[in-house]
Structures are given as C-alpha cells and as structure tokens.
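Guided by the hints, dock chain B onto chain A, whose structure is given.
Each chain, written out:
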Amino acid sequence: MADPADTRTRLLTAALHCFEVEGLRATSLEDVARAAGMSRATVYRHFPGGREQLVADTITWEVGRFLARLGHALVGERDLFGQLSVGLWWGHQAIGEHRLLQRILATEPEEFIVGFADADALLQGEVHGHLRALLETTELRSGVDRDEAADYLTRMFLSHLASHGRWDLSDRAEVERLVRTQFLAGVL
Amino acid sequence: MDTAAATLDADLVDHRADGRRRGGAERATVRARVLDATVRCVARWGVAKTTLDDVARQAGCSRATVYRVVPGGKAALLEAAAEAELATLLERIAEAFDRSATLEDLLAGGLSTAAEALRSHEALTYLLRHEPATVLSGVAFDALDPLLETAAGFAAPWLEVYLPPEQAAEVAEWLTRLVVLYSLDLDGSGPDLADPAEAARFVRTYVMPGLEASRSPKRTTDPTITTAPQE
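Top line first, the protein sequences correspond to chains A and B. All the letters of the first sequence, read from the start, carry residue numbers 1 to 188 under the numbering used here. All the letters of the second sequence, read from the start, carry residue numbers 1 to 231 under the numbering used here.
One chain only, chain B, in its complex shape:
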C-alpha cells in the first residue's frame, strides 16, 4: 500500500510539472487524483473514519486543494468518488460489450465483468464488511431506481443492436439487478458470476429463455427481435 502511495506521489510530482504547462487540464487531473485518494482511504479506514486530511495526504495535496476541486466537504467528496467509480465500472463493462459477438455473449460478458470488478473493489469490499449500511442504503428500496435507470440508459446502444428499445431497457434493468443481487452480498451463496463460464451458464439458464418468452407471443407481428446482430 505504501509503495502504491509513493508511486502516486511521484506521479503527482510529474503531473505538477506537466500541469504548469497545460494549465486547464490540471484541475481535472487533480480532481481525479483526489477522488482516487478518497477511494484508497475508504478501502483502508472506511467512510466514518476517513477525514479530509487523510484524503489530502493520500493525494499529496493540501486540504485547500481538496476543497477547491471538490467543494462541499466529506459528503460531496464521497459522492463524487462513488460516481467516478461507477463511471470506471461502466467503462469496463462497455469494453466487455464491445468484445461480444452475440446477445448471449454481451449479457454474460457484462455480468461477469461487473461481478469481477465489484468483487475485487477494495473499498466496496471493506464497506460491505464493516459499514454495510453506507452501500446498501444506496441500492435498497427506491434508492435503486436511479441506478437502474442509469444502467438502462448506458446499456441501451449495445442491447438495441439485438432488441427493440423497450425490451432492451427491460433487459438492461434485469442485468443491473442481477449484478446488484449477486455481487453485493458476501455470504458467497449463489453462482459465482465473476467466472465467465458461470455467467454464461447463468445467462443461458435464466435470461435467454426469458427473452424467448417475451418475443413468442409477438413472433408473427414483431420480427425485429433477433438473437443475431441486425445489419
């Protein structure tokens, strides 16, 4: 951990020299470093014990800089860090989606990529173990709805290659639920969706038949639903 921190600080020194040349880009980069430092602190100490001083020290900057790049104090910092982590997760899922050749591939790849990313996420794992309410209150009851909507909007372009928009949105929501349902409990029951083969089996067993079932009543009137990419 200390090696990682030292590397980060060394990077920051490089970056500062850089920033003087590139000016405007600096703020965004410093912000990213502050958010990354926040996640590292949470992975080590949790939400309750992490202070702005910890974050500043970890990011190799002053408290004033932390305030400048993310105004609003600790709550705002944690929220911005969570948003940045979600964006990173979505980028990784997008890469998995891009690699897929069929709908089944797409669903299984998205599922296993998300499950693996969440399982190996140190801050998330720490919180689920020691301060579960900080995570679970964000996905419990109505709090899950915005996440479902974000995920559906995000996945739509890929799913709509195979499915009509309405069904694509339903499947995106379904997939998001599966990620939340199987990745956010630590009791280890249920299939290991981080394993690509298990994710593929799971998709074949539960998801593909569901897609079949939603198209069967409309088969004669709605030929747009296919399981192969539409040209």
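Excised from the complex, chain A in its bound form:
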C-alpha cells in the first residue's frame, strides 16, 4: 500500500497542475483524481471538505514550501536587520516569479482569498514565531514591548511582501533603507 504522505503529495501536486490549467473555480476533485491517476474516493479521503478544502490545503502546502525556501535563504543572516532585509528581498522576488499565484490574483482574487485563510494563519504564525525568538536575543530600545514589536514587524513584513507599494524591493539598498527606517528604527 502506498505511503499516505506520498499519496497526499501526489494529490497536491496534481491539484497545482489543475489550477495551472483550469484555475481555482473550474477545478473539480475528479480533475485532480484524473491528473494524479487515483480514484475519486482517494481524493475524498484526503480532502473530506471537498473542493474548498482541496484549494485551501493546496495553497497552504505551497505556502509551506515557500516558507521552507525562505528559511533556507535566511541561513547565515544572524541579526534582525539582515533577516528582515534578505527576507523581504528574497520573498518579494519569489512571489513575483510565482506565475500561478500572479495569474490567480489577476483572474480569481476572491476565490484565492477564501482559500488563503489557513495559509495566511500559517504565514503569520511562522513569521511571528521566528521574529519573536530573534527579538528574545536582541537588545531593544527601552520601553519597547517584545510581543508588540514582534507583532508589528510581522504585520509590516507580510504587508510589504504582499504589496510593495512605492518601494522597489528588488533593490537591496532600498530594502535596507525601508527596514532600517520603518521597521527597526523604533524597535532597536
């Protein structure tokens, strides 16, 4: 019998493929079963919540992979400044290069946001946990609360990753200026 983790990975990979071809709304569990070469029953066993769960779980899985790559990109950055700067710079690039994400944001933004809720919670939790641990070993300005600062930095980091606004985040010097002023000046 196949390893359930393998089966799940195959299904999620197939789901991503279907989203590429059909988009979020038009992908059915049958499509995913066919693309993965598995039965409908297997798909339902892994995603008892149906299409909605399939979309949410696939997005969460993809965000998990993004976080793993982000963690890898941050190896060697010891301090808060380095972690935030490289994280923003690398993350911005990775998001921009994610063609499926860009296309879905352009064509099915509401559908995506509905499916993104779990992934968003994962992102916030992981980024917050990471920053909170870093802050523990960082000397802060007097009067700055560690929990509030971690919360502030998490929101700012994710906001800029999602919408860069007027900042050119592909430019390392720009990113560092942003982090030095708007992120860290009040914290460090």
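Source of the hints: derived by calculation from the structure; they are not laboratory data. Predicted, not measured: the structure shown is a model, and the values here were computed from it. Think of the CB as a built atom: it goes at the ideal place given N, C-alpha and C, for glycine as much as any other residue. Mixed in with the good hints there might be a few duds.
Example chain B residues on the side facing chain A (calculated, C-beta under 7 Å, incomplete) [as the list claims (entries may be wrong)]:
1) Val135
2) Leu136
3) Ser137
4) Ala140
5) Phe141
6) Pro146
7) Leu148
8) Trp174
9) Arg177
10) Tyr206
11) Pro209
12) Gly210
13) Ser214
Simulated pairs of lysine to any residue, SDA-like, Cα-Cα distance not exceeding 20 Å [to be verified]:
14) B:Lys74 / A:Gln102
15) B:Lys49 / A:Glu111
16) B:Lys74 / B:Cys61
17) B:Lys49 / B:Lys74
18) B:Lys74 / B:Asp53
19) B:Lys49 / B:His121
20) B:Lys49 / B:Asp36
21) B:Lys49 / B:Ala133
22) B:Lys74 / B:Arg31
23) B:Lys74 / B:Asp36
24) B:Lys49 / A:Val114
25) B:Lys74 / B:Ala43
26) B:Lys74 / B:Trp45
27) B:Lys74 / A:Glu110
28) B:Lys74 / A:Pro109
29) B:Lys74 / B:Glu149
30) B:Lys49 / B:Ala76
31) B:Lys74 / A:His17
32) B:Lys49 / A:Glu110
33) B:Lys49 / B:Thr88
34) B:Lys74 / B:Glu85
Positioned in the frame of chain A, the structure of chain B alone reads:
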C-alpha cells in the same frame, strides 16, 4: 434600524419637493441616497444577499431610479458605494489633520480617526465577519497598491508642511498600511489604534524614530526636514 429607515424616507420626501425646485442638484442627492442605502443594506444582509430591490426600497425610490443614478447593476453599485465610503473616511481624516499642530499629532490623529471610523463602520464589520473575501481581496497583494497611492496623494498636502515630498509620500503610505494592518482584522490582537492615546504612543514608538532615522544620514545636506511646521 427601522426608525433610521423611516427618517431616511421622510428626508427623501422633503428632498423630492426640494428637488423639483432645484432640478440638477437632485440627481447628485438621489445618487448619494442610493449609495447610502446600499451601505445600509450591506450592513444588514451582506454583499451576496443584497439585491437592487432591497436598495431601491431602502432608498425609497424605484429600481429604475437606482439604475438611472448608478448604471451597471449591483457590481457597479457596490463599487460606487465603497468609493463614496472611502471619500467620507478621507473627509474625516482631513478634519483630524486640520486639527493637528505637530507632525506627531497629525500622524496620531489620522491613525486614530481612521481606525475608529473603520471599527464603527457597520457594513465593513459585517463583511469582515461574514464575507471577508469581499473586503480582503480589495486590500490583498497588488490590490492594495491603488489604495496606497490614493492615500499618499490625499495626505501629501498636510505631510508636506513637515516633510519633503518624497518622504511625505513614504510616510503617507506607511500610515495607510498601519490602518489596513491594524483595523481589518477582528481578532483584536495588537494595540487599539482607535484610542487616541494609544495611537499617539504607537506613533511615538514606531513612526517618529523611523522619520528620525531617514533624516539622520542627510542631516547636514538636507535641512528641510523638520518636525515643526515650516513657515
């Protein structure tokens, strides 16, 4: 709610008598009433369930009138209503800006006014609770960029009293992000920026040092950045 609706209908009757005299002004006023009715309907039933009939009934006019003043059906109506709500919010922020005497005041006043207005906005609160995607898809990823630009353009005249244009635009965007980041989640974590004292503390803690930091490397060459109004 019914009292409010009755008042609105009574107003509308007055207004109709008025409109016959003033002609052209009527259309704009009826449009405003239709948009206001749309917001009231959304506050009660959400986006998915609100129909043009509901809006017409709430506005005390016919469906045909709704179509006439806001052509394009429900989607156009919702978009126009959201635009009108944003304009109202910006007016309130402008009033707060006008009352401020220092840059810190200006930032804290804008932040707390916006946070309070969003928190007490019934339609917005309903949507965040029951149909969050309708709101969040408008501020997530690239969709936030137009809002950041609008806000930066709006706040520029006030901020440029204290800051050079480039930095004023950056700060306006920063402030807008803070409003979005802290006002559009209902989990209640984070500081309560609707409280003026908390907003002032937040600005002093995170924003003012950031402004200091952006001017310090240029201090000798760029004396135009001040924290007091320039005469």
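Straight-line alpha-carbon gap Lys49 of chain B to Thr88 of chain B, limit 20 Å: Roughly 25 Å separates the two Cα atoms, so the pair is violated.
Task: 20 Å Cα cutoff - pair Lys49 of chain B, Ala133 of chain B - done: 15 Å, holds
For a C-alpha distance cap of 20 Å, please report whether Lys49 of chain B and Asp36 of chain B respect it.
17 Å, holds
key: Hint check, Phe141 of chain B versus chain A [nearest Cβ-Cβ separation less than 7 Å]   = 5 Å, holds
* Asked: Can the restraint linking Lys74 of chain B and Asp36 of chain B be considered satisfied, given a maximum Cα separation of 20 Å?
  -> 14 Å, holds
Holds or violated: is the Cβ of Ser214 of chain B closer than 7 Å to a Cβ in chain A? 5 Å, holds
Handout entry: 20 Å Cα cutoff - pair Lys49 of chain B, Val114 of chain A
Key = 18 Å, holds
* Restraint status (C-alpha distance of Lys74 of chain B to Cys61 of chain B at most 20 Å) -> Judged against 20 Å, a Cα distance of about 16 Å means the pair holds.
Given pair status - Asp53 of chain B, Lys74 of chain B, alpha carbons within 20 Å
With Cα atoms ~10 Å apart, Lys74 of chain B and Asp53 of chain B stay inside 20 Å; holds.
Between the alpha carbons of Lys49 of chain B and Glu111 of chain A, is the straight-line distance 20 Å or under?
Measuring from Cα to Cα gives roughly 18 Å; hence the hint holds.
Measure nothing beyond the straight line between the CA atoms of Lys74 of chain B and Ala43 of chain B; if it is 20 Å or shorter, mark the hint as holding. It holds: about 15 Å lies between the C-alpha atoms, which stays within 20 Å.
Margin query: A closest beta-carbon separation below 7 Å is what the hint needs, so does Arg177 of chain B meet it against chain A?
Written below: Result: holds, 5 Å to nearest chain A Cβ.
In summary, the numbered hints that this structure violates are 1, 6, 14, 29, 31, 33.
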